[in-house]
Amino acid sequence: MSSIRVNPNILPDLLSALAGTRQQQNTATIELATGSRINRPSDDPAGAAAMVANRDQTSEADSFLQSASSVSGLLQTADSTLSSVVTALTRAISLGVQGANGTLSAADRSDVASELSGIQQQLISLGNTSYQGEFIFSGTSTAQPFVADPTSSSGVTYTGNAGTNNVAAGPNYSLPINVPGSQIFSAAGADMFQAISDLIGALQSNTGIANAAGEVSKAFDHITGQRVFYGNALNQLQSQTNFLNSQKADLGAAANTISAADMATVATQLTQSQVAVSAELAAISRISQNSLFDYLK
Amino acid sequence: VSNLLATLTIGTGALAAEQGALDATANNVANVNTPGYTRKEAQFIENTPVVLGRLTFGTGVSLEKLQSVRDPILQLRIAQETGQQGDLNAQVAGMQQIETLFSGQNSGDIGVQISALFSSVSQLSTDPADVALRQGVLTAAGNLATTFRNTATNLSAQRSSLDLSMTRTVAQVNTLSQQIAKLNGQIITLENLHQDAAPLVDQRDVLINQLSGLIDVSQIKSDTGITLTTSNGAPLVADDKSFSLTTQLDPSGVQHIFSEGNDITTQIDSGSLSGLLAVRDHKIPTLLAGLDTLAAGLANAFNSANTAGSDLNGNPGGNFFVAPPVGSQGAAASLAVAITDPAQIAASSDGSAGSNGNLAAFSAIHDQNIIGGQTPSSYYGNLVFGVGNDVATASADLQSSQLVLQQLQDQRGSISGVSLDEEAAHMVEYQRAYEAAARVVDTVNQMMQTVIHMGTT
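Quick note, the sequences are listed as chains F and A, same order.
Just so we're aligned, residue 2 is where the first sequence starts under our numbering, counting upward by one.
Just so we're aligned, residue 1175 is where the second sequence starts under our numbering, counting upward by one.
Isolated chain F, as found in the complex (with noise of 0.2 Å):
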């Protein structure tokens, strides 16, 4: 016989065709079904471990996003406490000044006295405000940085320390988050509570009552100068935040670039591939239907 001889039973090589082509219809199909064409790290070892990378990424841009978050409460707090303050010391300076012209009476200047003790009770405890149960003035410590104390010249003690903490917000970058309350209220020169204090004493003496307006002044220039650091320590929040929003877009999009089907090409697949079934199983039912067998009488 000098024709070639081919294999009779062509079967075999059929249902592997049909293995195959169902087990394209299978990809398609999970593909389809999670959007993801890295359902396995097999499918894409490459793609695979940059998506841990870019998991990793998003939760940390994440954290980033929920500290910048949970900071800019701290820090707002902060801000409308400080606000409260230089509008109590406003209020302090146009008494002293009152008090200071000179046509008030002993009782009259008592009066005014009192109310400045209100004020001081006020600035206490305002120093003493707290965002989620923990004091914000208090630098790192968590006792009441305010206590007053009649031993005391201002009548008021600092018991909190001069620590701040520093908190991530992005990658290398960190920034602090208090200014300790020593610094803001009691400041050397500037301490808000024994200017209060001593505006009391000169009313109550009826001396010096202008230099002692003149202190409060200076305790509400300091201030004034500390609440900077929280409008500044908030706009650079914000600008973090929307540069981190931005980095997790970027991130959203890279994750897409490395492991999201590409829904078009998956159904034509998807569609090819039923054809191709049907048509290997087409094939299949044909073969050896027909042999010379049946041809002859």
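Where hints are given, some of them may not hold.
What the hints assert, rightly or not - One-sided excerpt, in silico: chain F residues whose CB lies under 7 Å from chain A: (1) N10; (2) R41; (3) P46; (4) V53; (5) E135; (6) T141; (7) S142; (8) Q145; (9) N162; (10) G164; (11) A169.
None of these hints come from the bench; they were simulated from the model.
For every residue, glycine included, the Cβ atom is placed at its ideal position computed from N, Cα and C.
Keeping the supplied structure of chain F fixed, place chain A upon it in accordance with the hints.
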């Protein structure tokens, strides 16, 4: 002597030969779907002619033999490729179960848990005295430790189940060796009696093929039969004797394979045993060692960070994780959080409760190249890459091996397979020849009648 009787003998000889050939066809058709069946071809031979003076008279035809159409070299290549396929198949099957542990699709993934731990530290830094946030860090650390332990346990369980498969495969190898040895004996007996051993040879080819799918087999043919050894020379079958492989528990905790008292575990080059052993003794231990390095590196770094600060009560911090074993072996399987009280997280750098200064040391671990010169996350990423790459490579090799095997099977089919068309054609040929021979006999018969009645009328 050219006489009618001689012609009659030629006719009846032809009838016998054609009928014998038709037997071959019938047998071929009957075995069209028998795995490993080798078709037979009828080989006719012209009988020795008789010379009478100047004339040479033919003496008809004989059916010399029914020749099995086989290609022994091709059979060898099929066996080799079957071994290759068995190896890759076992590797892919074993590794595919492992890679789901590293798929990152669910929260059980170590990479996700590492990120979650750093997130929880980051949250704590915004309010370091908050007990709920401190608890959050402990929970995240606990989840990470659990995931490490589960992953390591799963890998070990996978290893044990491969161990079991291996023991079963060795039992199968032994059964096949015994069957082949038995067939060898029968084939030798038949061949010594000059009888047709083809059906047994077919069966033996099928069994050798199956054996090659399990273990590497090299064949040496001799006059007395066939000798099978592994490629490193461990005997499996010698003629009608078989040699059993045994398994024995190694001090390392897995079964080793012995042949005639020698440990051949590391010498098996193909077949599913080779694939099982590759995953059991190479892939899984490598992965476990990687996980151990990662777990130990993280534990040590967190411990250094925690001992550098002070806790909520102003006391110096202790170990954060239970100290990993020296040399880090088994670190992943034993990773556990040492701290039980959230207050013991040493967030503070200045001793005061509200300080978060030391948490920066925790967060910094995220970006430090402390594990094999890589950050924890990228080290894990490399582990994932390694697992994925192993499966992808083995799958691709498996696919090409399947194609080669298919090609070889096609080739075998084109030589040895039964074609119904061909058999139908042969059937017609033999039938016609038989009819023609019958006519010859009939004609001789008539001529004899003529001779017998000569002179009676």
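Now for the hints, and whether the structure bears them out:
Evaluation of the N10(F) hint against chain A yields a held restraint, the C-beta minimum of about 5 Å falling below 7 Å. Because the smallest distance between the Cβ of R41(F) and any Cβ of chain A comes to about 5 Å, under 7 Å, the interface hint for this residue holds. Nearest Cβ of chain A to the Cβ of P46(F): about 3 Å, under the 7 Å cut. The hint holds. Interface restraint check: V53(F) against chain A, minimum CB-CB distance 4 Å, threshold 7 Å, status holds.
Satisfaction of the interface hint for E135(F) is found here, the shortest Cβ-Cβ separation to chain A being roughly 6 Å, below the 7 Å cut-off. With its C-beta approaching chain A no nearer than about 4 Å, T141(F) sits inside the 7 Å limit, and its interface hint holds. Hint status for S142(F): holds, given a least beta-carbon distance of 5 Å to chain A, under 7 Å. A hinted interface residue such as Q145(F) counts as satisfied when its beta carbon comes closer than 7 Å to some beta carbon of chain A; here the least separation is about 12 Å, so the hint is violated.
Evaluation of the N162(F) hint against chain A yields a held restraint, the C-beta minimum of about 6 Å falling below 7 Å. Against a cut-off of 7 Å between C-beta atoms, the interface hint on G164(F) holds, since the closest Cβ of chain A lies about 5 Å away. With a cut of 7 Å, the hint placing A169(F) at the interface with chain A holds, because the nearest CB-to-CB distance is about 6 Å.
Violated hint for the displayed structure: number 8, the only one.
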